[in-house]
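Engineer: Sequence:
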Amino acid sequence: MANDNPLILCIDDDADFTDSVRLVLENNGYAMEEAGSAEEGLRIYKKRKPDAILVDLMMEEVDAGVNFVKEVRALGAAPPVFMLSSVGDDLAASTDYTALGLDGVLQKPVSPERLLKTLGRKVKATRGEADKNRV
Numbered sequence: 005m006a007n008d009n010p011l012i013l014c015i016d017d018d019a020d021f022t023d024s025v026r027l028v029l030e031n032n033g034y035a036m037e038e039a040g041s042a043e044e045g046l047r048i049y050k051k052r053k054p055d056a057i058l059v060d061l062m063m064e065e066v067d068a069g070v071n072f073v074k075e076v077r078a079l080g081a082a083p084p085v086f087m088l089s090s091v092g093d094d095l096a097a098s099t100d101y102t103a104l105g106l107d108g109v110l111q112k113p114v115s116p117e118r119l120l121k122t123l124g125r126k127v128k129a130t131r132g133e134a135d136k137n138r139v
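Position one of the sequence shown corresponds to residue 5 (our numbering), numbered consecutively onward.
No wet-lab data here; the hints were simulated from the structure.
A virtual CB, placed ideally from N, CA and C, is assigned to each residue, including glycine.
Be careful, since some hints might not be right.
Label pairs and their in silico Cβ distance ranges [to be verified]:
id	residue 1	residue 2	range
1	A82	R47	13 to 23 angstroms
2	K128	E65	15 to 25 angstroms
3	A78	N31	31 to 41 angstroms
4	L27	G80	31 to 41 angstroms
5	S90	E117	16 to 26 angstroms
6	A19	E65	15 to 25 angstroms
7	K74	K53	12 to 22 angstroms
8	N71	D18	12 to 22 angstroms
Construct the complete structure from the given sequences, taking the supplied hints into account.
Structural biologist: See below:
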């Protein structure tokens, strides 16, 4: 990575949404890569190894987001992954999202405050563990 800003991969087929997320993240010390499909997201993940991932539940296929998470976890990857969904609160209440390999579910549209708080906590913890493992 060219700088030390945490890199967030945002996978969503709604360009307006990814533009708004980019604005929030980049104005608050993060770098962002975006993908419009799960397949593109997987290619970017393998190349860039982001600090966290935001992935939409429904894109080109109904369960594209869930399948993406399964593929990333199958690679042995451990970045925090958050599912984005217009039914996020209902999904979080009715589903064991950890069984899906997720670190959380965020309701769309997600407030900038909630997004930053959620990412800040997880990215900081993940980076702290990575730094300990390098010692």
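Engineer: Run every hint past the structure and note whether it holds.
Structural biologist: Do the hints match the structure? See the list:
1. A82 <-> R47: 13 to 23 angstroms: Cβ of A82 to Cβ of R47: about 19 angstroms, so the range 13 to 23 angstroms holds.
2. K128 <-> E65: 15 to 25 angstroms: violated, 33 angstroms
3. A78 <-> N31: 31 to 41 angstroms: holds, 34 angstroms
4. L27 <-> G80: 31 to 41 angstroms: holds, 33 angstroms
5. S90 <-> E117: 16 to 26 angstroms: holds, 19 angstroms
6. A19 <-> E65: 15 to 25 angstroms: For A19 and E65 the Cβ distance comes to about 18 angstroms; the hint holds.
7. K74 <-> K53: 12 to 22 angstroms: holds, 18 angstroms
8. N71 <-> D18: 12 to 22 angstroms: holds, 18 angstroms
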